[in-house]
Every structure is written in structure tokens, then in C-alpha cells.
Amino acid sequence: MGHRILALIIKEFLALFRDKKSRMAVIVPPILQLLIFGYAATFDLEHATLAVFNEDSGSFSRELIGRFERSAGFEVVGTLRSEAEIAPLIDRQAALLVLRIGEQCSANVANGEGCPVQVLIDGRNSNTAMLALNFVRSIVSDFNEERIEQTTGAKLPARITMRAWFNPNLESRWFIVPGIVALLAMVVTLIVTALSVAREREAGTFDQLLVTPLRPWEILIGKAMPGLIVGVGEALLIIVVAVHWFQVPLTGDLLTLLPALVIYVLSIIGVGLMISSFSTTLQQALLGAFLFLVPAVTLSGFSTPIANMPDFMQALTYLDPMRYFLTIVRRVFLEGAGLEYFWHDLWPMSLIAIVTLAMATWLFRHRMY
Amino acid sequence: MNPGWLLRLRGMIRKEWLQVIRDPSSIAIAFFLPLLLLLIFGYGVSLDAKNIRIGLVVEQADSQSLSFIGGLYQSPYFAPVALTSIQEAETTLRESKIDGIIWLRHNFGRDYLRKESPPIGILVNGVDANTARLIEGYVQGIWFGWLEQQAERAGRKLRSPVQLEQRIWFNPQVRSTDFLVPGILAVIMTLIGALLTALVIAREWERGTMEALLVTRISVAEILLGKLIPYFILGMGGLVLSLLMAHFLFHVPLRGSLWLMMAVSALFLLVALGMGFFISTIFKSQFVAALVAMVSTFLPAFILSGFIFDIRSMPPFIQGLTHLIAARYYVSILQTLFLVGDVWSVILPNAAALVAMGLFFHGMVYRTTRKNLQ
Chain A
0 MGHRILALII KEFLALFRDK KSRMAVIVPP ILQLLIFGYA ATFDLEHATL
50 AVFNEDSGSF SRELIGRFER SAGFEVVGTL RSEAEIAPLI DRQAALLVLR
100 IGEQCSANVA NGEGCPVQVL IDGRNSNTAM LALNFVRSIV SDFNEERIEQ
150 TTGAKLPARI TMRAWFNPNL ESRWFIVPGI VALLAMVVTL IVTALSVARE
200 REAGTFDQLL VTPLRPWEIL IGKAMPGLIV GVGEALLIIV VAVHWFQVPL
250 TGDLLTLLPA LVIYVLSIIG VGLMISSFST TLQQALLGAF LFLVPAVTLS
300 GFSTPIANMP DFMQALTYLD PMRYFLTIVR RVFLEGAGLE YFWHDLWPMS
350 LIAIVTLAMA TWLFRHRMY
Chain B
0 MNPGWLLRLR GMIRKEWLQV IRDPSSIAIA FFLPLLLLLI FGYGVSLDAK
50 NIRIGLVVEQ ADSQSLSFIG GLYQSPYFAP VALTSIQEAE TTLRESKIDG
100 IIWLRHNFGR DYLRKESPPI GILVNGVDAN TARLIEGYVQ GIWFGWLEQQ
150 AERAGRKLRS PVQLEQRIWF NPQVRSTDFL VPGILAVIMT LIGALLTALV
200 IAREWERGTM EALLVTRISV AEILLGKLIP YFILGMGGLV LSLLMAHFLF
250 HVPLRGSLWL MMAVSALFLL VALGMGFFIS TIFKSQFVAA LVAMVSTFLP
300 AFILSGFIFD IRSMPPFIQG LTHLIAARYY VSILQTLFLV GDVWSVILPN
350 AAALVAMGLF FHGMVYRTTR KNLQ
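In the order they appear, the protein sequences are chains A and B. Note that numbering that gives the first Met the number 0 numbers the first sequence so that position 241 is 240, with each residue one more than the last. Note that numbering that gives the first Met the number 0 numbers the second sequence so that position 308 is 307, with each residue one more than the last.
Okay, chain B solo, but in the shape it has when bound:
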């Protein structure tokens, strides 16, 4: 056994490390990028609609109408604006100054007392369909509470045949931060991994230093390992920072075990770094590698990983395509580890997919670099 490989590897790591330290951008990628992105994502991305600007048109201020809109004023979801006529309300809606209108016609109270089931009109700006749907849901909730309250006031119970009780597991307050922050980690780790390494090998080829390295006794595996280790350490530093922020700043509960979290994250980091190396090796030009890194990392991880758009809502063909995105597996594991716990039936298949992708990327990098020699 020749201990020479250890010596060569150490030399290689040292060289890489010096390059990392001399260009502040690598340090910035590992520590500044996650800090900034987590702050922006954590505070900026929320699907919890609150203070929705809603116009109220009450044509006749009778007690039924007033008690109904009382519920709207108390709701944390709405910031009602009183308007005098439906014409005024429609103009305001068209100018985007409000997101919806609730309209109680002048005969609302009269028809209510005559038991003619008068309509409560909701008119929403449907451009943002998701918010429009949430508005509908919230108004329905208020409407239902109001019906019960009215029945109680009349001294009877509202006897609905089906009495629905709802339980949202893992996230009873339905805080969107709790599901978004784990996904954000996956996007950030994808960026860190790819940005750290996408240019590293291309740079050596471009400057001709790769040939210089290859004429020494160092082997391809040693070169690649020597490049991987420093960036892996940097990336893990960024990861720990992100996890701490997720837990202490955004108060996402961690119900799974920390060690499992670290192990899976290390695995994902290896895949993300592998993808960067892969881009770098295939294109051998920093410019093209940078172009490819920009179009192939952020947007797919953002849109196809299930971080914000639920994969279960996508058409089957696109669901199939998401299997090519490493972040998808990591998002799934993270959401489960943070919110549910160590559910092996979710973690194992996803981790296996990550292992396969990691082997593919690093294997391809090894093969391509060796082939370039011949």
C-alpha cells in the first residue's frame, strides 16, 4: 500500500482550499447566499392571505346585514372597505384597489325574514385564482358561523345533517411558513452546490492547468476528490447555518431526528455538488457552464420540486419529469422530517433516488474526465 495517495490528496485539497479563500465569492456563496435567501424567502414567501382588501356594499343597513358584516370586520383575513354602491365597488375593483366585493342587496333583511334565502353576493378579481379561492373559503367559514349564531339567537340549534369536524395534521394552524421553509432549504442547497462547483473544473480546462495537473502523478480520482472535499465542507457550513435559521428564526418545528436530517442533507449536498461538477466537466468552458448553471438550477428547483407547487396537482407527464430533479426528493424528505418525524417509508425511497443521482453525476464526471485524457 502506498501512502502517496494520501499525500497527493492532501496537496490537492490544500491547493483548492487556497483558491477558495483567495476568491471571496466561494465563501459568499456558502454563507452569505443562504443567509440572504432564507431571510428573503422566509419573510417574503407566504400563502397565508390576511388583510384581504374587500369592498362591502350594504344597500340597506338592517340588523341581518349588519350582523353578517360584523363577522367580516372581526375576521383577521379581511380588511373591509365600506362602499356606497355596487357601481362604485366595481370601479374600485377594476382599478385593483380591492380584491373582492361582498354585496348585500337592499332586500337582504326582508327576504331573510321571509325565509326566501337571499343571496350574499361575492365578486372577486379572479386573476389570482388561488387567493380568490381562499377568499371564497374564508367567506364560507364566516357565513357558516353567522348562520349558527343566528339560529342560536332565535333559540334553536342549526341542525345540519352532517356535522363536519376538521383536523389538519402536522400543521394545525395551517402556517404556510412551516411547509415553505423546508422547501426553501432545498432550493438554497441546490444553488449552493451548483454555484460552488459549476465553474471549478471548466476553469482548470480553460486555463490549461488541468493538463498541468494530469501530467503529475496524481490520479483523476484524487483530483476530483481533492476538489470535492473543500466544497463539501463549505456547503455543510452553509447548511448548518440554514438549519439553525429555519428552526430559531422561523420557528419551524423539527419532529424528526437531527442526525437523520444531517445525513440526508449531506447526501443531497453531494448530489448538488455533483451536478455542478457535471456541468463543469461536460462544457469545459466557464462561460457556457455559467449559462447552463443559471438556466438549469434555480427555476427547476423552484417550480418542479414540490417546494411551492404541489407535485400531486401536476399532470401525470410532468409528475414523471419531476423525478429528474434532485431537489424533489430532498423537499419530500425535508417536509416529512420537519413536520412529521422519521417516517421511513417516505425517507428511504427518496434517499435511494438521491444516492442513484449522486452516483450518476459523480460517475459521469469521473468517466468524462478520464476520457478527456485519451
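Just chain A, with the same shape it has in the complex:
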């Protein structure tokens, strides 16, 4: 029995890796994508393009503008001369925001009144707009605080102090890169498994496999092995790159992460093989893979928090294995969480793995049509 399964496993590996093109397609893109996405997937706004329209000629407004020029968050790309220049500049995205300082600015300040400053932000990307606005606000409120202290000697009645745990500089890369581990592990495992049965169905060799003495669960092991080894192997490689290349701190223990990773990959294998045994052609398997992949990524909380979703969507996310692993991998990386903190994410994922693997095994012999 043992050698039967072994023979099947070898055959499955050969089917995947014998052809140079498919070997490359499985191995190269995930590594490349990690490197590219690790840099690309960021919410940290740097060098937001700013244009200044200053109708005032006093020193107060110049001082304020100086604050913006010296800030690392902004890059001053232009100085405007008239109001009519504002709209075209923002429309064609030459500047993300325009700072407009009113004519009476310095005169008002000299009289003890306020200087009117208007900030106009391109809201096409609302998240970028909010981040830019927060930047502007914090520069302006620091400036205000200092001016008040300088002129009246009084301090603001209360101030805000902020500290962030686990990610003190709030680098969104620390949040995204561990997420990419979960993302690419899923894609790799899915491409290895979702096409494997469908390919044999289309070629007619799956029926031959079914008439051999191999039991369905033996076929399952044979079909699952390449996905398990490639999925876990590439995920580990990606973790190494995340830690050593992107310098994301792995605070927790890799050994606590490993069982979670294996269970996660098994649950994806279950889904992949289910899709594959459902399909009669590669085209259908490809469609099935995407019908799982895209919602799974969207609902996992990879790019946008689950807490922002409406309640019925949040309920749906409990069906998504990536949701659980994503939480685990982020918490192990950044919080150093041990098993006691994430077992309630681990058991639903295990349940998904068991159900999907069992369904896939059953579907080998019971096709829909």
C-alpha cells in the first residue's frame, strides 16, 4: 500500500515539474511578486505633492509654508499665482493638494486674529486624501501650539500623546508583508491543486486512476502532497525573505507558526482539490479557482480591515481560511503571540481543512455530471 501511494506521489510531482514552463510558473512568480508587492503594497504616504497659493506677503505665511517645505511628508511642486490655476492642477493630478493662504493672513495675525488657510485635496483616492489631511492637521496644530506659546506664554489646555504597540513607527509594510506570506501561500497551493484533477479529467487519465486499486483517500494523499510541499516550502522561503530582506521583525516563534501554516495549506489543498474534482475541463477549474481566490483575498482582511465591513460580510469571512491564518501570521510576527492567543483562529481553520479534504475525496468518485 505504501509503495502505491509513493508511486502516485512521484507521478504527481513529475506531472507538475517535468515541464520546464510549468516548473517556472510555480516557482518564479511568487518570489518575484513578494519582492515587488512588498514594496508596492503600502499605505504610507511619502512626498505628497503640494502646491502653494499664497495671497499673503507677510512673514507669518512664509513661516507656515516653511514648515511644509521642511516636512518629509510633503514635496512642494509649485507656487500658484491665481485661483484659476488650482482646479486644472488638481484635475490632472499634478498636485495632490493645494494650500491656499488668504490675503489678510499676516495682517490678521498681527491684530491677534486668525490667518485663514484653506487646504484643497484631491479626493479621488479617499484614503490618500485622509492621510494627507491628517499630515496637514498635525503640522498646523504643532505650528499653532508653538505660536501660542511664543506669543502668550500659555500652553494648550491639554495635549495628545500617542504610542503604538508592536509597530512603533506605524509602518504599514510590517502589516502587509506578513499578509503577503498568507496571500502567496494560498495562490501557490491553489494553482498546484486546483488544476490537477481537472487536467486529468480532460485528458481522460483520471478514470484510469479510479480503476486502479488505489482508494480515494490514497489518491487524495497523492494529489495533496505536491501542494503541501510546494505551499509550505514557498511560504517558509517567503518568511525568510520577509525577515531578512524587508526587516519585518519575527517577534514570535517560527515553530508555533509552522503547525498553523501546515493546517492553512491543507485547507487550501482541500478547496483546490474540491474545485478540481468539480470541473470537467481546465477552463472550468480556472474559473473555479478564481471564484474562490478573489473573494478569499478580499474577505480575509489582507488589504482592508474586516471590522469595516457590514455585518453580513463579516459573517461570511468566517468561511475564509485565509482570514484565520492572516490573523495568526500577523500576530506571531508583530505581537509575538503564542498558541494561547490564537487557538480560537486555529480550530475553525482545522475544521475547514477537514471538511474540504473530505469533500474532495468524496467528489473524486461522485461527480456532479
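Among the hints, erroneous ones may be present.
What the hints assert, rightly or not - Simulated crosslink set (DSSO-like; lysine-lysine; CA at most 27 Å straight-line): (1) B/K283 <-> A/K10; (2) B/K14 <-> B/K96; (3) A/K10 <-> A/K20; (4) B/K114 <-> A/K154; (5) B/K49 <-> B/K114; (6) A/K20 <-> B/K283; (7) A/K19 <-> B/K283; (8) B/K96 <-> B/K370.
It is worth saying that the hints were derived from the structure and are not from the lab. For clarity, every value in this text was computed on a predicted model and none was experimentally measured.
Model the placement of chain B on the given structure of chain A, informed by the hints.
Chain B in isolation, oriented as in the chain A frame:
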């Protein structure tokens, strides 16, 4: 002039169309896929944090502390949880039951009255840095409103030297749906285009029917055109469905002209279909083509197109790489057409890039197929 080409083309389209209809998966790709994805994306993807679970530790319930936290209770962004001590709050934060803590120490009210500027402590779980930053921004807003209100109560105006007025153009309510849904269309159209065609030519080579086709009098251009037209029609059907959903279900305003939108979308669909054909022609094996389609379509369109991660925030080298992703140009056009209007200085360069990519893909497909003959 020989009208034979028209006849041959019609025959080819008919054959392709029958294949499309007989395998329900093509119809599913064109209509079911956008429907499902738009629903999931539209409801599932949001960057608008609301009801953030935040722990409140108020060590001394004096009037200053209570009036400050009153602002938090009124804010739509926060769902405050009252906690008794900072130790309890830190444990709760560590267990991920709350996302942040606001801490007013026992001497807050006293120091406030003594004008010693007591701190309002914010402690956030920084794992999700974007949300943490938004929390900071929201608390700052509440803090500022509170300062003004306190000053007013004391009968004076809070005279800040700079009086900031903010205007967010095109999306004054800062609804993230308005910028995400146009981007979602680009991701969906990329998938539809590539999925419809990625296997089509490889299948013919694999089954040997390509040779059978090529020995007839039909030319390569006629074969390719015959394959393109049915899938183009299917894809446009999916597109119209998606546009209707974006507008009527998700209420994204369409400020540009509809015809321009349709024209640009048709152009992008041609590029996406071209990319599918390209994968199919290069690899000539359905299995490899499917592998390549899976790794090369969704994730790049999702991450590198500017749909959710702003390209302007990426390092310059990666910004350069995004120019290889067709979806990038389409996202840029869509966000502008939906939210701003017909801004030609955005639309023309992006459309030109799409034309170039379309010519490249279809040109390569034509060349490679002809070369395979010799």
C-alpha cells in the same frame, strides 16, 4: 475584392460562439463572475473605519474628563468600552479585543485647571498601521472640537493663529467606496478578459484542431478575429452589467460622459483579451497557460494598479514597474471619469498607453501564430 473572407470569418465566429455556449463556464465568466465579485468587493472592501473598539480608562470622573470622553461617545468612528484600570486595558488590548486605549490619568482635571497641559494618552495596536493612523486623526479631530467647546464655555474663543479649513474635492464625504468601486471594475475586467481567452488558443493547439483550421483557406488574421469577436461581445456584456451595478447599487457618481466610459472600457477589454490570447499562444498548453493566467492577472491588477494601494506612495522603481500593468491606466481613467469628469489630460495619455499595449499583445499573437506555421 473577394467577399470570401467575410464568409470565412462568419463561419469562424459561429464555431467559436457554439463552443462558448456549449461550455457554460464562459457565460459564467462574463456574467456571474462580475456579479459575484462586485458584490463581494463593493460590500467587503472599505477603508472607512467606523465603530473602532476603543477602551476608555478614566481614572478620575471629573467634569473635564467626562466632557472629553463625551465627544468619543458621540463620534460615529468609535465604539467605546469603559475599563477600570490601565492594566485591565492593556490586557484587553493584548487579547485583540480592542484596537486602542484612551487614557485620562487621575490628575487630568486638576492639571487642566492649573493650565499644566495634561496629556491625553492614546495607546493603539499598531499592527494595522493604516487604521492606527486613522484613529490618531479621528482623536485629534475630537480633541480639537473639545478644546474649542471648552474655550467657548469659558466665554472666549480659541484663537488659533492658523485657522484651517479643509475641502476634499470630488469626494467630500470621503467615502472609500467611491474610489474603490471604479478600481474594482478594472480588476474584474482584467479577470474577465484573461479568463475568457487564456485557454482558447492553447486548447486548439493541444487538441490538434489548430492545424486542422490552418490547412483550410482561412487566414491567421481571420482565425484570430473570429476568436476575438465573440469573447469581446461577452466581455462587453459583463462590463455593462458591472457599470450598472457600480452606479445603481453602490451609488458611485458618474461625472464624465458615458460614451467616453464605454469607449475606454472597450479599449481596455481588447487589451485584457489580448493578454489572454498572448498567454495562450506563447505556452500552447492549457495547463501552463492556466498556471500563468492565475499568477499573472489577479494579483498584479489588485496590488500594482493603484486600485487600493496608491501608486504615488510606492518607491520610484516600483512606480516604473506599474507601467507594465494595463489595469493601472484603466484605473486612473476610471477614477477620473467617475469622480471628476472628462479630464483629457488624464484620459489621453492613459488611453494612448492602452492602445500601445493592445497593439503589442495582438501583434505578438499574430506573429507567433504565423511563425508556428512555418
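Here is how each hint holds up against the structure:
1. B/K283 <-> A/K10: This hinted pair holds, its Cα atoms lying about 22 Å apart.
2. B/K14 <-> B/K96: violated, 59 Å
3. A/K10 <-> A/K20: holds, 17 Å
4. B/K114 <-> A/K154: holds, 7 Å
5. B/K49 <-> B/K114: Not satisfied, since the Cα-Cα distance of roughly 33 Å exceeds 27 Å.
6. A/K20 <-> B/K283: Roughly 11 Å separates the two Cα atoms, so the pair holds.
7. A/K19 <-> B/K283: holds, 13 Å
8. B/K96 <-> B/K370: violated, 62 Å
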